[in-house]
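Asks: Based on these hints, arrange chain B with the ligands on the given structure of chain A.
For the protein sequence lines, the chains are A and B, in the order given.
Just so we're aligned, residue 1 is where the first sequence starts under the numbering used here, counting upward by one.
Just so we're aligned, residue 199 is where the second sequence starts under the numbering used here, counting upward by one.
Check the hints yourself; a few may be wrong.
[Claimed, not checked] Straight-line distance between alpha carbons at most 27 Å, and here's what the computed BS3-like set of lysine-lysine pairs gives:
#1 B:LYS762 - B:LYS841
#2 B:LYS408 - A:LYS7
#3 A:LYS159 - A:LYS90
#4 B:LYS568 - B:LYS762
#5 B:LYS568 - B:LYS556
#6 B:LYS568 - B:LYS648
#7 B:LYS418 - B:LYS408
#8 B:LYS773 - B:LYS252
#9 B:LYS761 - B:LYS566
#10 B:LYS836 - B:LYS761
#11 B:LYS773 - A:LYS7
#12 B:LYS252 - A:LYS2
#13 B:LYS773 - A:LYS2
#14 B:LYS761 - A:LYS2
#15 B:LYS408 - A:LYS2
Derived from the structure by calculation, the hints contain no laboratory data.
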Amino acid sequence: MKVDQTKPLEYSTEQNNLNILGFWMFLGAEIMLFATLFASYFTLEGRTGSGPSGSEIFEIMPVIFETFILLTSSFTIGLGVHAMRLMNKKATIAFFSITLLLGLAFVGFEVVEFFTYIEEGAALQTSAFTSILLSTLGTHGAHVTFGLFWGLFILIQIKKRGLTPETANKSFIFSLYWHFLDVVWIFIFSFVYLKGMM
Amino acid sequence: MDFFDRFAIPHPSPVIYASMVAITLTLVAIVAGVTYTKKWGYLWREWLTTVDHKRIGMMYLISALLMLFRGGADAIMMRAQTALPENTLLDSQHYNEIFTTHGVVMIIFMAMAFIMALMNFVVPLQIGARDVAFPRLNALSFWLYFWGAMLFNISFVIGGSPDAGWTSYFPLAGNEFSQSVGTNYYMIAIQIAGLGTLITGINFIVTILKMRAPGMTLMKMPMFTWSALITNLIIVFAFPVLTVALAMGTIDRLFGGNFFTTTDGGMDMLWANLFWVWGHPEVYILILPAFGIYSEIIPTFARRNLYGYKSMVASIVLISVLSFVVWVHHFFTMGQGAMVNSIFSITTMAIAIPTGIKIFNWLFTLWKGKITITVPMLYSLGFIPIFTIGGVTGVMLGMSAADYQYHNTMFLVAHFHLVIIPGVVFAMLAGLTYWWPKMFGFMLNERIGKLSFWLISIGTCVAFFPMFISGLDGQARRMYTYSEATGFGIWNMISFVGAIMLAAGFVTIVYNIYYSTRYASRDISSDPWDARSLEWATHTPVPDYNFAITPQVNSSEAFWDSKKNGHKLFPGEYKEIHMPNNSGVPFIMSAIFFVLGFALVFSIWILAVIALLGIFACLAHRSFEQDHGYHIPVEEVKETEEKLGGARQ
Ligand code: HEM
Ligand SMILES: [Cu+2]
Chain A
1 MKVDQTKPLE YSTEQNNLNI LGFWMFLGAE IMLFATLFAS YFTLEGRTGS
51 GPSGSEIFEI MPVIFETFIL LTSSFTIGLG VHAMRLMNKK ATIAFFSITL
101 LLGLAFVGFE VVEFFTYIEE GAALQTSAFT SILLSTLGTH GAHVTFGLFW
151 GLFILIQIKK RGLTPETANK SFIFSLYWHF LDVVWIFIFS FVYLKGMM
Chain B
199 MDFFDRFAIP HPSPVIYASM VAITLTLVAI VAGVTYTKKW GYLWREWLTT
249 VDHKRIGMMY LISALLMLFR GGADAIMMRA QTALPENTLL DSQHYNEIFT
299 THGVVMIIFM AMAFIMALMN FVVPLQIGAR DVAFPRLNAL SFWLYFWGAM
349 LFNISFVIGG SPDAGWTSYF PLAGNEFSQS VGTNYYMIAI QIAGLGTLIT
399 GINFIVTILK MRAPGMTLMK MPMFTWSALI TNLIIVFAFP VLTVALAMGT
449 IDRLFGGNFF TTTDGGMDML WANLFWVWGH PEVYILILPA FGIYSEIIPT
499 FARRNLYGYK SMVASIVLIS VLSFVVWVHH FFTMGQGAMV NSIFSITTMA
549 IAIPTGIKIF NWLFTLWKGK ITITVPMLYS LGFIPIFTIG GVTGVMLGMS
599 AADYQYHNTM FLVAHFHLVI IPGVVFAMLA GLTYWWPKMF GFMLNERIGK
649 LSFWLISIGT CVAFFPMFIS GLDGQARRMY TYSEATGFGI WNMISFVGAI
699 MLAAGFVTIV YNIYYSTRYA SRDISSDPWD ARSLEWATHT PVPDYNFAIT
749 PQVNSSEAFW DSKKNGHKLF PGEYKEIHMP NNSGVPFIMS AIFFVLGFAL
799 VFSIWILAVI ALLGIFACLA HRSFEQDHGY HIPVEEVKET EEKLGGARQ
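Chain A with its partners taken away, still in its complex shape (with noise of 0.2 Å):
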């Protein structure tokens, strides 16, 4: 493996510049998928069929406390980042695990507000409005989920193996992933919720 010491770690190796690409182009297919479940949401959003439209059941404080949660999330994983750059291996872990108790507290609300929300009587069979509703927060919520066991297993490799090409790249494609989450979290957090309560 020739490793290219002019770069950042992450982008050491050729190996690890062909990972960087292809993530992005993940992401691009990550963009179509949540672009669908957008579009299907704004055309199902007012049919409700005999259940509850949005404003009846959203609730103001808990998802700007999701918010806050999250968007805090995506500095500290920055801050994790950037001690990477700086080769502190010490920061970089303390930074990815608050990155990741913070990820396990949004999950946590968002699994209460779920059964608030069945508990009101809006389950998945209710109505299209509660179908495409809970889909897309549970793609959303899911994404995260999935983040925090693959976030956790990098943890646990920088700790093991220290910052090699091979962790740093891991790491920089993971906090991509998880910035991206968070710009999802803004569009769902404005056009579901916010457009939903007005």
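Replies: Positioned in the frame of chain A, the structure of chain B with the ligands alone reads:
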């Protein structure tokens, strides 16, 4: 009892029982054969775990040919059923099932696999690369496709086939009207195979963008590679839409969701839109690689470089963009109003312009060429007129007002078969014959090949031209029978005859493979067609590492230049070569996907959870694994090169 009822076939018939027996016997025979010849180890080491793009290409090829026969059997049954008025060969339910599986098998599991086969084999060679960017993911793509196809294909012996058409329109595909698990198979099997396709898309974009030989700028890429690049871009943008649509359909069917229902706010037209936002680009995912193949074959056998290279590239790009903005033409009659219909009419007709440019470029390439008529060339020449007829009728269908007359009639069926068969099937057969010597080290027999060509091309015309007439006379598509008084009988009988000719043509292809495997000379050069692009510059059979020395490229026909103008293709010396290790994980993980799919089809939740954990375990294993591949030392490269008939330097 309830449990077993779910697995029973809702509409059993002697044909299905016979197939069950046949499938079981085949499986037993395969297992016994492999055990007897002690080939399990070989199979596992050399094929099931391989990450070599050439072998993956061959496995795609074999699967595609198998699927061609599965889909073909459905087709013959359909044509036989409608050959006579009031025929009772099949009942209506069985007819619904076979036209559904015919469409799905042919498009998703045959045509897509065929494209993947050629793309996998050819693209890395054409760009002078060692392999694709992510060899392991490539294996995963293949096995996901393979196990998805298996899942789909067991549907008719376990639980019942899908019966709502390959378009699977709701509410017809909902639980109310499609009560068997058939449509569950549709939703889940396509989902699994589609995942594989998406991964291929990402893999090949990165491969083509990043792994080209030095000197090969984008505008010096061979046309097939260009078409592969654009096709994969379309895949990455179109397949996620299908993923979402299928997931919604699955939620509706398995969990009682309300996306596409007709109550509680559900909207069946959302399915139609999402399906065709993927579906129309999908037909261009099929046709663009075919265009690429013709653009390789025509210059080779006209002994002339491709006319209008730049306009060829521009037209592919334009087609790919337009392919995303025409989807409504598939349901002009389903109520969107004149304004929307008109806009989509115009975008639809616009596609004919870049397509026309390509046709003219091929004709100009032929114009002053010195043409040799080989089998690949015959398919390319046959493609031009038949495809043009199919395309022109497409433009007719694209006029929204006129489409009210043609829509959902046999006219439409004639249109799409007359674009897909010359466009995709001819191209695949042409490509198969053309690249066969590179893949297997011998040529296919030309005489038998020409016989296949004539049977297939005449068969296509005989089978599908009559449908224009019966369609204009009002024969609806997917009608399982009709009365004598309609007068459709004669046209359907002619179609049936054409279908038999087609079937005969495909049988001769298999015979050709058998015959040539036994008798063809193994003593062929590495460049038997006197071709132009890089894949012909390496040895036959292609060594694992493709090229001992990375080629240096100076035009889109570098190999031709090296032969005619003395361009030096392989400068430098042998170096040690880095190669990826084989891996069993892609195979195992995809097999677990099959289990997951099966569990979901029948709502066996415990099994589904176990399978999910299995998939997760595979991912975790991959995350922690450290695998840097291995190196082939210089001496070994040298040795291999000498053995294969002279070192390249
Ligand atoms: C100039 C190019 C083309 C035009 C203008 C065109 C136009 C159309 C239109 C308007 C329809 C819908 C008609 C209806 O449902 O009433 C249609 C259907 C179809 N076309 Fe084309 N087409 C073109 C090329 C192709 C190509 C290259 C392929 C395949 C490789 C293809 C495959 C299909 C298929 C499969 C359907 C039927 C889908 C179904 O309803 O099951 N078309 N085409
Ligand atoms: Cu279309």
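Asks: Hints first: check each against the structure and report whether it holds.
Replies: To see whether the hints hold, each was checked on the structure:
The straight-line distance between the Cα atoms of LYS762 (chain B) and LYS841 (chain B) is roughly 26 Å, inside the 27 Å bound, and the hint therefore holds. Our distance criterion of 27 Å between C-alpha atoms is met by LYS408 (chain B) and LYS7 (chain A), whose separation comes to about 18 Å. A C-alpha spacing of about 9 Å is found between LYS159 (chain A) and LYS90 (chain A), which places the hinted pair at or below 27 Å, so the restraint holds. Proposed proximity of LYS568 (chain B) and LYS762 (chain B) is supported: the alpha carbons are some 16 Å apart, at most 27 Å.
With a CA separation close to 20 Å, the supplied pair LYS568 (chain B) and LYS556 (chain B) stays within the 27 Å bound. Proximity of LYS568 (chain B) to LYS648 (chain B) is assessed by CA-CA distance (about 20 Å); at most 27 Å being required, the pair is judged to hold. For the given pair, LYS418 (chain B) sits about 14 Å from LYS408 (chain B) by alpha-carbon distance, which is consistent with the 27 Å threshold. For the proposed pair LYS773 (chain B) and LYS252 (chain B), the alpha carbon gap of about 22 Å is at most 27 Å, so the pair holds.
Between the alpha carbons of LYS761 (chain B) and LYS566 (chain B) the distance comes to roughly 21 Å, so the proposed pair stays at or under 27 Å and holds. For the hint pairing LYS836 (chain B) with LYS761 (chain B), the CA-to-CA distance comes to about 23 Å; that is within 27 Å, so the pair holds. Only pairs whose Cα atoms come within 27 Å are accepted, and LYS773 (chain B) paired with LYS7 (chain A) is accepted, the gap being roughly 25 Å. Between LYS252 (chain B) and LYS2 (chain A) the CA atoms are separated by roughly 26 Å; this keeps the pair inside 27 Å, and the hint holds.
For the given pair, LYS773 (chain B) sits about 14 Å from LYS2 (chain A) by alpha-carbon distance, which is consistent with the 27 Å threshold. The hinted pair formed by LYS761 (chain B) and LYS2 (chain A) fails the criterion: a straight-line CA distance of about 34 Å is larger than 27 Å. Under the criterion of a C-alpha separation no larger than 27 Å, the hint pairing LYS408 (chain B) with LYS2 (chain A) is consistent with the structure, at around 17 Å.
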